[in-house]
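Protein sequences, first through last, are from chains E and H.
Take any residue in the first sequence, count from 1 to its spot, add 585: that is its number in the numbering used here.
The letter at position 151 of the second sequence is residue 142 when you use the numbering used here, and the numbering goes up by one with no holes.
Wrong hints could be hidden among the right ones.
As the list claims (entries may be wrong) - When the alpha-carbon atoms are kept at most 25 Å apart in a straight line, the in silico SDA-like pairs for lysine to any residue are as follows:
#1 H:556 / E:656
#2 H:220 / E:599
#3 H:277 / E:598
#4 E:600 / H:275
#5 E:620 / E:678
#6 E:651 / H:223
#7 E:600 / H:267
#8 E:600 / H:322
#9 H:561 / H:467
#10 H:456 / E:638
#11 E:588 / H:258
#12 H:456 / E:616
#13 E:600 / H:226
#14 E:600 / H:561
Just so you know, the hints here were simulated from the structure itself, not pulled from any lab data.
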Amino acid sequence: MIKIQFFSLVRLLIKQEATEVPWVEGETVQSVLDKTQAQIATPFLHKLLNEEGVAHTGTIILVNRKNILHLNGLKTPIADDDVLAFFPPGAGG
Amino acid sequence: MNKAWKGKLLRVDLTEGTCKVEALNEEWANDFIGGRGLGSKYFTEEVSPEVEPMSPENNLIMATGPLTGTYGAANGRYMVITKSPLTGTIACSNSGGYFPSELKYAGFDMIIFEGKSEHPVYLQIRDGKAELVGAVHLWGMSTNDTEDAILSEFHGDAKVASIGLAGEVGVHFAGIINDKHRAAGRSGVGMVMGSKNLKAVAVRGTGGVKIANPKAYREAALDTYATLKENPVTGEGLPALGTAVLVNVMNQNGGLPTRNAQSGTFEAAEDISGEALVSGELRRIKSCMGCIISCGRVTKITDPRYVGEGEGPEYETLWALGAACGISDMPAIIKANYYCNEYGMDPITLGSTIGCAMEMFEKGIISEEEIGMSLNFGDGDAMVKLTEMTGKGEGFGKKIGLGSYRLADSYGVPELSMSVKKLEFPAYDPRHVQGMGLGYATSNRGACHVRGYINSAETLGLPEKLDPEATEGKAGVLKVFQDYTAAIDSAGVCLFTTFAMGIPQLANFCNAANGTDLNDAGILEIGDRIYNLERMFNLKAGIDPSQDKLPKRMLEEPLPDGPSKGNVSKLPEMLPDYYEVRGWGSDGIPTEEKLQSLGLA
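Excised from the complex, chain E in its bound form (with noise of 0.2 Å):
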C-alpha cells in the first residue's frame, strides 16, 4: 500500500488527513495523484495542478519525504509502502 497525507488546503477541503491506495507495478506521482482523486468524492488535485496537469508554482509533493521537483518531478517512480505528502502552495515566516 501507498500511504497519502493530505495537508493545508487539502486537507480543509477534502476534511480527510490521509489514506491509503493499492501499490501496483509501475506506479508514479502521477499515476498515484490519480488514484488518489478516484478514491476521493471532494475534487482537489486543482490544488495541486493547473488545467495542463502541471504542477502549480509552489505545490509541494513530497515522496518519503523529498521534493519530486529534485527526483523526477510527476514521474518519480513510486514503490510499495511509500509515503507521499501533498501540499498546495503555502508560505508564512
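Following the hints, position chain H against chain E.
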C-alpha cells in the same frame, strides 16, 4: 509636486522634554526610500556605533515608508531603528497593524527619540502637534491595559505603540507592541524604549497621504490587488491557515529545529500545526491596515488551564514555544504567546532561550533548585510559568531575559545557544536549508528569516524551487532576497506581498507615489546601499566578519533525522562567494570602491 512622504519628522528630546518638527532630508529619502533605509541613514549619521545601547546617547527611531498609509498591497508598516542591547548591532524591527498608517495621517514620516526622561512619559501626537505627558500611572501595565488607558484619557480612536513590563525590567528581547497584537519584536528595541522611560506613543491623525501620480498609482494598485488575490499563497493559503501552515511543511521537509536544534523533525508537529489551529482555537482571521492577505489569527483558548483570548500564534511562535522546546501543548503555546504580547517580548528569542535552558537542565548544567522547577523538554506548563517569570523579571526568568547566548555563556556553554551575533535563529534548520544558514550568518541584525527569506525558494518553491541542500549559486540568490527585502521594508510594504509581487510592481508603486523613476536595478541598488550602510555600522561597532558564523552544532553535528539526515551546514563553502557577490573584500569588509559606488564613502 506631491509626494507620499509627509516631509516632516518629529524630534523628541526626552531629557529636555521637548518636541520639534523638522523637514525630512529629501536627498536621503531619495537615496534610501524611507523606513528601514532612511531611518538607518538618520541613525548612523547621528549616533556613534560605539554607543552603549542603554545609554541616553542611543537614539530610538520610529520610521514609516513612503507607501505606509496608502492602498494597494499591504502598505502599513513601520520600523524601529536603534542599537540593539541584545546583539550590539544596528536593530530594525518591523510591524504592521494600524499605528504606522496613523502616524502618517498625523503628518509625520518619522519620530526620533533622543535622551532619557527623568520620569515615565508617553508621547501624544494629534494632527501635527505633539507633547510628552506623564506615564507614571501606566508604568508596570501590560501593553493591553496601557492601550486601553490611553484610549480612555487621550482619544478613543488613537493608535498606540507601547512597551509592557518586559521593556521596563530589562528583558533583552523586549519588543514594542502596537494595536495590542502587532510587534516590532526582535533585537530588544522595547528594552531601549524602556531605558528612556518612554512607555508609549499614541497617535491620532485625520490627514491622508498625497501621491505624485494618482492615475499611475491606481493602476499599480489594481495590478497588485489582482496579483495578490490570484496568487494561491497570498489569495488563499495565508488567509486560510496563516503563517502556521509552515509547521507541517518544514517538519515534513526535515528542517524544523527541534529541542534546541538537536534534530530537524518533531514527532508531534501535527499537534502544533496550522491545520490544528484551524480546527481548534482559531476564531476568525484579521488584517492589518489596507491588507487583503489577512494572515492575522484571532484565537481563544478554551482549555481550563489557560483561559484567554488574543491574536496569534504565528509560525515562528508555534515553533519557538513548541518544537524548539519539544512542546506539543497548543493551549500552553497560545497562552505564552498572549503573554509575549502583553509583557512585550519576542517569542522567537524567548522560546529559543527556554529550549536552550531545557537542554542545559537535562544535561545537568542548571539545577532544579536554581530554576525553581524542573525544566524538561516537552513541559508546556513549565514553559508558560517561565514565560510569565521572564516578562516580570522574576527569579530564573531574569536569566532567560538575557537571551540564550548570555544565559549559556554564563554557564560556560555558549555553544548551546542557537544564535548568530547573539540573536536566536528562527524556525529553519540551516543543515537542511543551506541558503538560510548563509542568511543567518550574514544578516545585519543576527540570525533572522526576514532579512532574506531564501527559504521561499529552497523549501516553498517560490518564485522557483532551488535544491535546499545545494550551495552553488546560493550567495547570489540570497543577495537579491536581502536587497529586495531592504527595499520592501523601506517602502513600508509588508514582506508577505513578495510571495506574489515582484520588483517591477514595487518600482511602479514607488514611482507613482513619489514621482521617481526607479527601475528594477534601481530598487535593488537602494537595497544594496541599505545593506552596506548597516554592515558598516556593525563593523564600526566592533561586530567584525568573524561573527559571520553559525553555532558549532550547525557546522559539526549532522542532522540525525529527516530527509537531510547526515547534513551539516556548508557555510564555509558559501561565505567566500557571498563576500564576492556583495563586492566586498575576501575579509568580508566592503571595499572603498563598493562604498563609493553606493554613495557611502
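Tested hints:
1. H:556 / E:656: holds (17 Å)
2. H:220 / E:599: With Cα atoms ~22 Å apart, residue 220 (chain H) and residue 599 (chain E) stay inside 25 Å; holds.
3. H:277 / E:598: holds (21 Å)
4. E:600 / H:275: Measuring from Cα to Cα gives roughly 19 Å; hence the hint holds.
5. E:620 / E:678: violated (33 Å)
6. E:651 / H:223: Distance ~22 Å between residue 651 (chain E) and residue 223 (chain H) Cα, so the pair holds.
7. E:600 / H:267: Given that 25 Å is the threshold and the Cα spacing comes to 12 Å, the pair holds.
8. E:600 / H:322: holds (23 Å)
9. H:561 / H:467: Holds, at about 16 Å.
10. H:456 / E:638: Holds, at roughly 18 Å.
11. E:588 / H:258: Satisfied, since the Cα-Cα distance of roughly 17 Å is no more than 25 Å.
12. H:456 / E:616: holds (23 Å)
13. E:600 / H:226: holds (20 Å)
14. E:600 / H:561: violated (41 Å)
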